[in-house]
Structures are given as C-alpha cells and as structure tokens.
Amino acid sequence: MALSNKTKAVLLGPLNKNNPIIVQVLGICSALAVTSKLEPALVMAIAVTIVTAFSNVIISMLRNTIPNRIRIIVQLVVVATLVTLVSEVLKAFAYDVNKQLSVFVGLIVTNCILMGRLEAFALGNGPWPSFLDGIGNGLGYGWILVVIGFVRELLGSGTLLGYPIIPKSFYEAGYQNNGLMMLAPMALLLIGVIIWIHRSQNKELQETA
Amino acid sequence: MEAISLIVRSIFVDNMIFAYFLGMCSFLAVSKNVKTALGLGIAVTFVLSLTVPINYMLENYVLKAGALEWLGEQFAEVDLSVFSLLIFIAVIASFTQLVEMVIERFSPSLYSSLGIFLPLIAVNCSILGGSLFMQQREFADVGIATAYGFGSGIGWLLAIVGMAAVREKLEYSNVPKPLKGLGITFILTGLMALGFMSFAGINI
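Residue numbers (this note's numbering), protein chains in the order written: chain A, 1 to 209; chain B, 210 to 413.
These are computed hints drawn from the structure, not numbers from a lab. Hints should not be assumed to be uniformly reliable.
Okay, derived cross-link-like pairs now, DSS-like style, lysine-lysine, Cα gap no bigger than 27 Å in a straight line [as the list claims (entries may be wrong)]:
1. Lys203/A - Lys6/A
2. Lys389/B - Lys244/B
3. Lys386/B - Lys241/B
4. Lys17/A - Lys6/A
5. Lys17/A - Lys244/B
6. Lys17/A - Lys386/B
7. Lys91/A - Lys273/B
8. Lys389/B - Lys17/A
9. Lys273/B - Lys99/A
All chains, please: the whole structure from these sequences, using the hints.
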C-alpha cells in the first residue's frame with residue numbers, strides 16, 4: 001500500500017522536524033531517568049510507542065462522544081488502562097527490566113507526549129492517521145532515548161545491552177569508565193547537546209528570543 | 210522528627226526535578242519568569258500535599274493486598290493493587306478539577322493569576338510520581354505521607370523558581386544561536402542537578 005504524502009508527513013515528521021522530545025518538549029519527565037542503560041531505554045521506547053498508538057486510536061474513535069468538559073479525565077482513564085496492561089505484561093515477561101524502570105512505567109500515564117498528542121491530534125483526526133501519528137511520535141521519542149542510552153552505557157560502564165564492548169587491553173592501558181555518565185544530570189546535558197546539533201542543522205527551529 | 214527529616218530529604222536530596230526528572234515538561238515551559246513560576250510552584254505543592262495522603266489512605270485501606278480486611282473476613286484475600294494506577298490518576302484528575310472550581314468560586318484573583326496552570330497540574334508527572342513513590346516506599350502512617358508530599362512540592366517549587374531566576378538573567382548573555390532557549394535550559398538544568406547532588410551526603 002502506497003502511503004500518500006500527508007500520511008507520510010504524519011508518520012515521519014515526529015522523527016525529525018517535529019520530534020516530541022527535542023522540538024515539542026514533551027515527555028521529558030519519564031525519559032531521562034531510564035536512560036542510564038540501553039536495555040531499559042529500549043523497553044521504555046517500545047512501551048511508550050504502543051501506548052501512544054493505541055490510546056490515540058481509542059480516543060480518536062471516541063472523539064465525537066466525549067463531552068468536552070470531562071475529556072481530560074476520560075483520556076487519563078483510557079491511558080491508565082493501557083499502561084496498566086503494559087506494566088502487567090512487563091511484570092510477567094521481563095521482570096528485571098520492570099524492576100529497573102520502577103515507577104517510570106506507571107509514569108507513562110502522565111507522559112506529556114500522550115496528552116499532547118491526544119489533545120493536538122487524536123481529537124481532530126480519524127483512527128488511522130491517529131494510529132500513525134502515535135507510532136511516529138513513539139518512534140521519535142524512542143530514538144532519542146536509545147541514542148542517550150547508547151552513549152551513557154558505552155561511556156559509563158563500557159558495555160552495550162550488558163555485553164562488554166571496550167576491550168580489556170584498554171583497561172590495562174589505563175582507560176577508565178566515565179562514572180559521571182551514570183549520574184542523572186548527564187542525561188540532561190546530552191539532550192542539550194543533541195538539541196544543539198539538531199538546531200544547527202535545522203536553522204528554522206532556532207529561537208530568536 | 211522523622212517527618213522533618215523526611216521533608217528536608219525530599220526537598221534537597223530526593224528533589225523531584227533534579228533527582229528524578231519529574232514534572233519536567235511544565236518545569237521547562239513555565240520557568241521563563243519568576244512570578245508565574247512561583248504561582249505554579251505553589252499550586253503544585255498544594256495539590257501534592259493533599260493527593261499523596263488521600264492516595265495513601267486509598268492504598269492502605271482499599272487497594273493493597275488484604276487491605277479490605279476491615280470490611281469483614283471474606284474480604285481479607287482481596288488484592289486490588291492492579292487498579293492502583295487508575296485510582297491514583299482518577300483521584301489526581303478529579304482533585305485538580307475540584308481545586309480549580311473552589312479557587313474560581315472563592316478567589317477569582319488567584320484563579321486568574323494561576324489560570325491555565327491549574328488544569329496542567331493533572332498531567333504534571335511529579336504529582337503522580339509522588340503517589341507512586343509513596344506506594345513504593347510504604348510509609349508508616351498518613352502524617353509521614355503528608356510530610357513527603359509537602360516536601361516534594363517545596364522541592365519542586367524551589368527548583369522552578371531558581372531556574373526562572375537564572376533564565377531571567379540569561380536574557381542578557383550571549384548564547385550560541387542553536388543553543389538558545391531550549392538547549393541552554395537543558396544544560397542549565399543538568400548543571401543545577403549536579404549542584405544538588407552535593408546534598409546527597411547529608412543525614413538529618
């Protein structure tokens with residue numbers, strides 16, 4: 001099935017020009033704390049993509065029946081239900097990762113990406129574009145997470161997904177892991193650097209103020 | 210005494226923003242000037258120090274495994290903890306709506322100065338985060354839980370006001386163009402978080 005231009009824009013826009021983290025500034029909350037290792041970052045990215053896509057579809061199907069006044073509560077209930085499902089699945093099949101993510105799985109509920117996309121897109125569009133929008137934003141969120149997780153795990157503990165990458169001879173020659181990378185603030189600094197690079201490529205995104 | 214130590218710890222050591230990155234979205238969006246930052250900070254503290262004890266009661270008398278025992282013998286086995294996320298967020302969302310209506314009715318001037326920030330609180334990660342950490346840490350009684358909520362709120366307030374103050378001054382400095390606005394804010398937050406890590410050793 002060939003995708004029309006509009007669908008393509010909906011799906012691919014969030015990966016670059018309209019990225020949820022570095023351009024729309026959504027969903028930073030739960031993003032940073034899970035990126036000290038690559039594996040939880042990957043799991044988190046997948047979980048958020050799934051929840052965003054399906055909550056977008058559900059709200060988009062309900063959009064004409066929800067009274068405007070209580071829509072936030074309705075949205076939160078739909079999202080919370082999906083997140084509960086995801087968290088139970090994680091507990092059953094990936095218990096260790098679930099332990100590492102701790103409260104951050106639950107915090108997907110208040111991840112601003114979800115509410116932001118529900119408000120901005122799903123309430124005004126049909127189920128299929130909403131689904132693509134959810135996938136796109138989930139992936140846009142995901143790749144930032146994975147990049148940060150990759151850098152922090154590689155430099156911070158010399159491993160990737162738990163496998164040692166830096167050869168032993170390096171350590172014998174005096175190389176040391178950068179413990180600073182494992183600390184929380186480094187995630188913020190890395191995002192700052194990513195934004196810097198991204199904005200020097202995309203001049204129209206630069207802020208004048 | 211335990212409560213005071215917990216308040217101090219949750220303000221400085223376990224700061225919601227600098228240690229857990231919770232409430233980051235509104236932190237970044239609303240920290241452009243000190244006055245609005247202060248307003249949002251107060252609202253967050255208020256909601257946090259009320260929803261954490263409410264959710265604590267719900268957790269311990271309704272949701273936890275065996276928590277329904279006070280209803281009778283046959284309920285002793287019931288475990289409703291699967292629903293905790295749903296209940297917590299429902300409490301928070303309805304509570305913010307309630308606070309909004311009460312403030313609108315009794316203090317229109319405060320309402321207009323907080324205005325748009327009130328509904329935003331429902332999706333502020335630090336509020337739900339507070340409840341989830343409360344559940345995870347299993348506090349001894351409701352007073353301790355309240356202290357935790359209050360302390361976390363004050364910590365959040367401190368962080369956002371400090372950030373806003375720095376950003377107001379930042380207007381006059383010469384930041385590289387691509388780094389302006391969002392980028393430098395992230396780096397600043399990172400540096401502030403590094404600063405706050407120096408509190409990690411204190412014991413009270």
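### Restraint check for Lys91/A with Lys273/B, where alpha carbons must lie at most 27 Å apart
Cα-Cα ~17 Å, so holds.
### Distance restraint between Lys389/B and Lys244/B, which requires alpha-carbon spacing of 27 Å or less
22 Å, holds
### Query
Can the restraint linking Lys203/A and Lys6/A be considered satisfied, given a maximum Cα separation of 27 Å?
23 Å, holds
### Query
Within a Cα-Cα threshold of 27 Å, do Lys17/A and Lys386/B meet the stated pairing?
18 Å, holds
#### Entry: Hinted pair Lys389/B and Lys17/A, Cα distance within 27 Å
17 Å, holds
### Message
Check the hint pairing Lys17/A with Lys6/A against an upper bound of 27 Å on the C-alpha distance.
### Response
15 Å, holds
### Task
Could you grab the alpha-carbon distance between Lys386/B and Lys241/B and see if it respects the 27 Å cut-off?
18 Å, holds
### Query
Within 27 Å, alpha carbon to alpha carbon, are Lys273/B and Lys99/A?
Since the Cα atoms of Lys273/B and Lys99/A sit roughly 19 Å apart, the hinted pair holds (cutoff 27 Å).
### Task
For the pair we were handed, Lys17/A and Lys244/B, check the Cα-Cα distance against 27 Å.
Answer violated: Lys17/A to Lys244/B is near 32 Å, above 27 Å.
Of the numbered hints listed earlier, the single one contradicted by the structure is hint 5.
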